[in-house]
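Following the hints, put chains B and C in place on chain A, whose structure we already have.
These protein sequence lines are chains A, B and C, in that order.
In terms of numbering that gives the first Met the number 0, the first sequence is residues 0 to 226.
In terms of numbering that gives the first Met the number 0, the second sequence is residues 0 to 417.
In terms of numbering that gives the first Met the number 0, the third sequence is residues 0 to 802.
Don't take every hint at face value.
As the list claims (entries may be wrong) - Listed next, the in silico PhoX-like pairs over lysine-lysine satisfying Cα-Cα at most 25 Å (straight line):
#1 C/113 with C/157
#2 A/114 with C/296
#3 A/74 with C/288
#4 C/181 with C/191
#5 B/332 with B/319
#6 B/10 with C/365
#7 B/189 with A/30
#8 A/74 with C/287
#9 C/287 with A/158
#10 B/10 with A/115
#11 A/74 with B/146
The set of hints was computed from the structure by calculation and includes no laboratory data.
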Amino acid sequence: MDILTVESLYKTYGEGNTKVEALINVSFSVKKGEFVSVIGPSGSGKSTLLNMIGALDYPTSGKVSIDGRDVYKMKEEELSVFRRRNIGFIFQAYNLVPELSVEENIVLPILLDYKKPDERYIDELLDILGLKDRRRHLPGQLSGGQQQRAAIGRALATKPAIILADEPTGNLDSKNSRDVINLLKLSVERYSQTLVMITHNQNYAAYADRVLSVEDGVVSQLGGNPQ
Amino acid sequence: MERITLILSDKYVRRQAASAALVLIAMALGAQLIAVRMTDSYKKALIRHDSAVAGYLVRNGADRSSVAAAFTSDESAADVKAGSSLLASAGYDLNTQNSLLPMVEGFHRKFAVLLLASSVLFSAALLALIYLGALRRDRQLASAAGKIQRFMDGDTAVRLDDCGEGSLMRLYAAVNLMATSLTAHIEKEKQNRLFLKETISDISHQLKTPLAALLMYNEIIQDEKTGSEAALSFNDKSRRELLRMESLVQNLLKLARLDAGTIELEKSDRSVRDFMEKCVGSFSTRAEREGKILSLECPDLLTLRLDETWLGEAVRNIIKNALDHTRPGNFVKISCVETAVATEIIISDNGAGIHPDDIHHIFKRFYRSRLSTDLPGLGIGLSLSMAVVEKHGGTITVRSEPGKGAEFRLVFPKLTNL
Amino acid sequence: MNVYLDISKRYLAAHKKRTGLSVLSITLSVALVVGIFSMLDVLLKFEKIQVIHDYGNYHILVKNATEAEKKAVSGRIDVKNTGTLFSFRSGSINGDKCDILSVQKNFAPNMSMKLLKGTYAQAENELMIEDWAAEKLGAGVGDTVSFAFGDKKEKPFKVSGIFADYGDTKATGEPGVTVSLKAAEKAEVEKKCWYLIEFKDRADIRKAERQIKDSLGITEDRIARNDHLLAVIGQSDHKAAVGLYQVGAILFLIVLIAGVVMIYNTFHISVMERMRSFGLLRCVGASKKQIGRIVKKEGFLLLRWAIPGGVLLGMAATLFCSALLKYYNGYMFSAIPLFTVSPVGILSGVAAGVLTVAAATLLPAKKAARVSPVSAATGNGEIRIRKAKSEGFLTKHLPVETAMGVGNAVARKKTLVLMSASIAFSIIMFLGFQVFVDFMHTSLKTTKPYTPDVSLMSEEGLSPDLYERVSGLPGVKRAYSRMFGYINAEFDASLLTDEYKKAVGNVKINADGTLSSPEKSWLISYDKNQLKWAGTDLVEGSLSEDKLNNENGVIAVVQNVRKGVSYQAAQFHTGDRVFIDTASGKKAYTVLAVLRSVPFSDSNLNLATFITTEKLYTEITGDRTFKIIDVQLKKAGRTETVDKIKSLAVDNIKFLDSRQKNSEMNQTFLTMAVFIYGFVVVIALISILNIISTMNTSVTSKMKYLGVLRAVGMSGRQLDRMIAAEASAYCALGAASGCVLGVLLQKALIKGLLTSIKIVWVFPLAQVLCVFAVSYLVTRLSVLGPLRKIKSAGITETLGSLQ
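This is chain A alone, in the form it adopts within the complex (with noise of 0.2 Å):
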């Protein structure tokens, strides 16, 4: 089933000649536990688009469903509420929180839901992304890869409807990119995640079960599955 749909998003920024559209008419849909990589040359929408989808800003027209609802008829509340239990972020830059530990960066999204953790999901969790021994150190006490892969088991903690991913492993050296890029592949498919990533490389695009391109605002397929 179609867990993301996308139609006809517009999103224009400025007016007159400072006018720039960032998405023109961008439509696809995306089936629950599929991996789309979204790639395109910076400043070309692939950000923008990610935003949208998250539904973190809001688009000149178009609409967004995930799991069937219209996320862009929610009010802010409800689609706070919706965000925590529906959507799981990975940044470029890490943003965990500094304050917290591993641990507590991981389970916030569950924190702010009044749920309780189920301890063995997190344990596994922290297995998986080899973080077990280090779950109670801060982020300043982590390198960048540790650092990503506990925002990686944060996005998952809820397990998502759907994690969106904006260049996780832009910051990392080779290996720690390839042990992210492994580390997503694989909770896609043990947790069957759904999820959207950019990325800058093309290797790492190929990982994915299908290519989305953007450019100038424009996004089409390339090669994969027909649609």
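For chains B and C alone, kept in the frame of chain A given last:
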């Protein structure tokens, strides 16, 4: 503390708690107001009483300023003692009945009523609040149940409104997750079945061509009058096997299609008699040839909602089966009956019958009795018939004794004709 | 961590220094409020005792009450104690002039009459005298003295008892005699009969007064009020009292606002620098409400330590102050417990703390909640690119780093306003409180540089020889002399105050509008030194001996003392003409200066008091002998010196001992001083703390920005200068606006509320300079710490900092 934040994250709980708190605060305030009124009332009564006493004393000659001082100066324990013994001798002490002290009576009555009224009022308010809250919750749950029902009935896009805080919302979120998961599974299944159907369809088509070719070659070889006995016999044998294969492939296809659930029956009201005559008619030649008696008994006005092609197939399979298991001189009797609750088609014979060991398995596909290994047939005809009859809302029952024949009943309850 | 709100605890724990400063600020605010109320409580208690001592413990009185009236009043439920008091004109005892009083025995304690020896005067011929008078007259309990009312014949009276000294009478040398009630009733002289009434605590005195008037038919003119006591217990309409309350309320509000601004500042900056963090939380799924709650909880976690700390600190300060006061005058203040807990004070302190934090966190919480999740993704929130309006005006005139610093300060308008506002507020408070200091210095009688310890006085005049001898005594620090006498002065009748008209009764007005004085006026001569010292009490005009001599000038005095109560007889201004009967006829003199008061009082009832030079005095009265020699004693050997001086008081020379009176005056002053200076110290502390905290937070929030600058090539010293420039900009704006507003506030407060006490507003130059200096110093010093940290840290560290 965290428990409290947890509970209060739910909007419903928050609202209930807040309104209950309001009612209770109002109650407390009300109680305080009553206390004020009581104090006022008491003060009024006290001053009135004191004034009356003062007036009386002055009227009876007491000195004005000492009377005033009596009320304005501080009380001394000695005075209290002296006074109370004085008044006690007049019957005026703590043990005096309230009915003799109108002021006290009045005070009691007034405030008993007031307090009763206000406690009733606030209890009513609180109960009303709880009731309304429960009502609301009930409605919420009913609406959710309704949506779940819609999902079960087939609307797979329905989801519960779970974008809020609170334990109910979290439950709804879990339900939604479950729904998504289910839908994904169902879709997967559908796709698998579709895939299977197409595969079977493909294969059968693929097989048809070589089979047709083989049959043709067979005929050609037959026509080549070689004069060899062996050749002719084996030619014949191969032809029979080929035909068997063809029928098998066809049946397999049919079964596959039935299995995939991709068959749509086109039912219409038919005269049973006409229908049966057609079915039986196709076997009359064979029955004659084999020396078996084929009879049909069917009332005129009987109708049934059926798909002619498929049900015909089913009925013919059973008749064929009956013919296969009878010897020359046996009969195959076909009759139709209408009972109060059902329409029945009965196919009975007095042939070999079915062994009691087999009788429970004959409708399973590919089942062949150990005792009939030499007879043609692949064992799928009956299961096909069963599937079709079941698709018509009916069922097949069988009764048999070895050596005495078998009776197949196709029962179509009238209710499903609706 | 079990609940998402624990994140607040972590935030606070991770920034210990900032948290510590914030907690300290709130603690001080709370302590200040608790202190204000507690000390006000204590102050009122002390003041009450003081007032009772000075004016007597009664609330209202009825003049010439009949027996029936007395009985009716004393029978009232709200009346605690009543008593009759007779007051007479001066009489004589053993030939010496004396004051005469008679007080009903049960009311004597209310008038601070403490019987030391003997019994209370009961019989018709019994009287009681003060201890020092007994010593002077050489009379003890049981002895007989010759006593006369007014100018009647002296009769023998028995001294039945001796009571404790009164400072005032001791200073004037006229003993206070208390005759028995019987004697007073029988005496056929001019006397005032007052029926004094003391009400119970919490009685509604005004209502009671009205009831008494109505039910007994007593007219208004027969009722008098003890305004001083009524003011202290809060039941007075008297203008000065109300004015004080108002000033107090205003200052409380200012403290509250200052507290809020202070905390808001810190919070605001702390929230701003965490915008990206909040954006991240929003991405992770925190709703707006949850983020708001996180920020608000941070505020309340601060309260957890600040409130108890503040309350304890406030109570400790109050304890310290009351201990100080008790130490200095254990006798009078022994009744007050050392440790007073003011529940109102504590509650208002807690309320102030809670309100402060609530108000201060409200806006930052809202701001944090409104953060859009995109900011976490883009992460450029810290270094904002502003729309530059004008190009490089500053860089043309100042070195680049200074220009950047100032530009930074000016560009971020909101921060500029906040920082300057908080500095300004502290300064406004500081200057505002100076009003109280001024009030205290001027309205309360204190010892002045020229207040004498003891004096020798004679109506007939003292020889210069005596003067030499006295000043030559080893224990004498200083001696100076004055002439004084009584004159007939006439001036424009319209200058008389209503107060005086009421006190004296009918006043005759001449045809030319001047009044003909029923009473004489008091004329005093000042020498050059005394004129100089009098400058502190100058209200109008100038005090120059030469000018006075040349222009026939006199100096008018505003406040006179009449029967122990200070009042204002006439409203003189410079330029008014006064016609004085001199030795050579009536002459016109001009008022060249007006003084607020003089530090001595006359037992006579005078119309007005005038001061002039010795030369003019001689001209007017023809007298040139000194009437009084004032002596200030050195610390050592006082008793010997006093004895020596006493021995010089022969014949008509009177010896006046003002020491008790002086010390009593000082104590009142000290009470207030402790209270007020205590405040000023705390306010100064708060202000300094505020500046430190804000500067600190401001610098640490720019870590990344500064890191970038260093990477680009700015040296440590240039960085210093840039930050200093920015800090100076805030400081300058804050100090300037604070001083302007504070001075205006001072002016308004003084002009509006305290002119009745004749305080003149003078531009507080010293204070303003002090303010500027201190704020500049503190500002500079406060940025040193964080700057040092930035400079020593590696550049990449600061750039890559996760803040």
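Evaluated hints:
| no. | hint | verdict |
| --- | --- | --- |
| 1 | C/113 with C/157 | holds, 19 Å |
| 2 | A/114 with C/296 | holds, 20 Å |
| 3 | A/74 with C/288 | holds, 13 Å |
| 4 | C/181 with C/191 | holds, 15 Å |
| 5 | B/332 with B/319 | holds, 12 Å |
| 6 | B/10 with C/365 | holds, 21 Å |
| 7 | B/189 with A/30 | holds, 15 Å |
| 8 | A/74 with C/287 | holds, 12 Å |
| 9 | C/287 with A/158 | holds, 22 Å |
| 10 | B/10 with A/115 | holds, 19 Å |
| 11 | A/74 with B/146 | holds, 21 Å |
When each numbered hint is compared with the structure, no violation occurs for any of them.
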